[in-house]
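Each number in my numbering comes from the position in the sequence shown (counting from 1) with 3 added on.
Derived by calculation from the structure, the hints in this document are not laboratory data. Any given hint could turn out to be false.
Claimed, not checked - DMTMM-like, lysine to aspartate or glutamate: derived pairs with alpha carbons at most 20 Å apart:
#1 LYS137 <-> GLU197
#2 LYS137 <-> GLU100
#3 LYS167 <-> ASP274
#4 LYS167 <-> GLU127
#5 LYS137 <-> GLU107
#6 LYS167 <-> GLU208
#7 LYS137 <-> ASP115
#8 LYS167 <-> GLU206
#9 LYS137 <-> GLU96
#10 LYS167 <-> ASP215
#11 LYS137 <-> ASP114
#12 LYS137 <-> ASP149
#13 LYS167 <-> GLU198
#14 LYS167 <-> GLU197
#15 LYS167 <-> GLU267
#16 LYS167 <-> ASP194
#17 LYS167 <-> ASP202
#18 LYS137 <-> GLU127
To be verified - The following label-pair restraints were derived from C-beta to C-beta distances:
#19 HIS61 <-> GLY86: 20 to 26 Å
#20 ASP215 <-> SER111: 51 to 57 Å
#21 GLN106 <-> GLN84: 28 to 34 Å
The beta carbon of each residue, even a glycine, is placed where N, CA and C say it ideally should be.
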Amino acid sequence: HLLFSRNIMGRCAIQLVTGPAGSGKSTYCHAMQEHGLAMGRKHRRRVHVVNLDPAAEHFRYDVAFDVRDLISVDDVMDELQLGPNGSLVYCMEYLLENMDWLQENLESYDDDEYLIIDCPGQIELYTHIPVMNKIIDQLRTWGYGDKMVSVFVVDATFITDPSKFISGSLLALSAMISMQLPHVNVLSKCDLVEEASVDHVLEMESALQLWDALGDRSSSDGQISPFRHLMPGAANASSTSAARDNSQSNARNDRESRWNRLTEAICSLLDDYSMVGFIPLNINDEDSIAHVLATVDHAIQYGEDLEVRGADYDDEGEAD
Numbered sequence: 004h005l006l007f008s009r010n011i012m013g014r015c016a017i018q019l020v021t022g023p024a025g026s027g028k029s030t031y032c033h034a035m036q037e038h039g040l041a042m043g044r045k046h047r048r049r050v051h052v053v054n055l056d057p058a059a060e061h062f063r064y065d066v067a068f069d070v071r072d073l074i075s076v077d078d079v080m081d082e083l084q085l086g087p088n089g090s091l092v093y094c095m096e097y098l099l100e101n102m103d104w105l106q107e108n109l110e111s112y113d114d115d116e117y118l119i120i121d122c123p124g125q126i127e128l129y130t131h132i133p134v135m136n137k138i139i140d141q142l143r144t145w146g147y148g149d150k151m152v153s154v155f156v157v158d159a160t161f162i163t164d165p166s167k168f169i170s171g172s173l174l175a176l177s178a179m180i181s182m183q184l185p186h187v188n189v190l191s192k193c194d195l196v197e198e199a200s201v202d203h204v205l206e207m208e209s210a211l212q213l214w215d216a217l218g219d220r221s222s223s224d225g226q227i228s229p230f231r232h233l234m235p236g237a238a239n240a241s242s243t244s245a246a247r248d249n250s251q252s253n254a255r256n257d258r259e260s261r262w263n264r265l266t267e268a269i270c271s272l273l274d275d276y277s278m279v280g281f282i283p284l285n286i287n288d289e290d291s292i293a294h295v296l297a298t299v300d301h302a303i304q305y306g307e308d309l310e311v312r313g314a315d316y317d318d319e320g321e322a323d
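Please model the complete structure; the sequences and the hints are all you need to start from.
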């Protein structure tokens, strides 16, 4: 009777880990792999991490299989004399033409195993060039449709710069809409930021509230906004003579006003969808890792059909 508790079609669960370059995707994968080994016997799982980034150089996790065995950015750059971005796009399109390689590797894993795929960080692969969408569509045709979840990783140090955090939130929303999968946003590197700062940002009820609280939209008080360094003409503001004529001052104020209106529009877009929220991750805290993993598991109901099977195994182990 235990055969009926196995996942349909014998497909393993898959996390697709995405996010900007340098956001901590590989560190996330390694933390999840180590946590899987440290879990209690009843909940322990075999976590296999796959590298799907042809430009990856090094990582700490044990690799189940690696796209660089098929093609790598370094090889393409040497042979075709392309730049880094062009080489990456070429590699991913080559993978699309050789999806039998990916299928063969995936089919070697049973339904009680757990795969985490470390994906490339270049955002154009998810927006301008629908490479990742095509890979996901192919995975659906192979029967993984209800076993996949997207995990988007954003650097927690972005909260010290509201403009970066709002940009990261916009990228998360874009990936969520583009990939059309159950989706979890993870705020990585929380061990590098004060916990109170993380909690303060995550407690904000809206992006506009965040902008009001941290962005200092009004410059009428003469204080320097955290966004001032990104505003057109801001670099010259501090060195401008106090005797600057009114036309120059009005022009600068107009640019700042338009910048603020643009940021407000972006915040309103995020608020209108009401879909972007983040789960903090501190890789030095096992409870934090467990909370993130439980949230991801819940998105695809992972483990619900394996609970009976796991309990039977534990009973057998105790009997021995």
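| task | Could you tell me which of the numbered hints above are not met by this structure, giving the numbers in increasing order? | result | Violated hints (numbers, rising): 1, 7, 11; every other hint is consistent with the structure.
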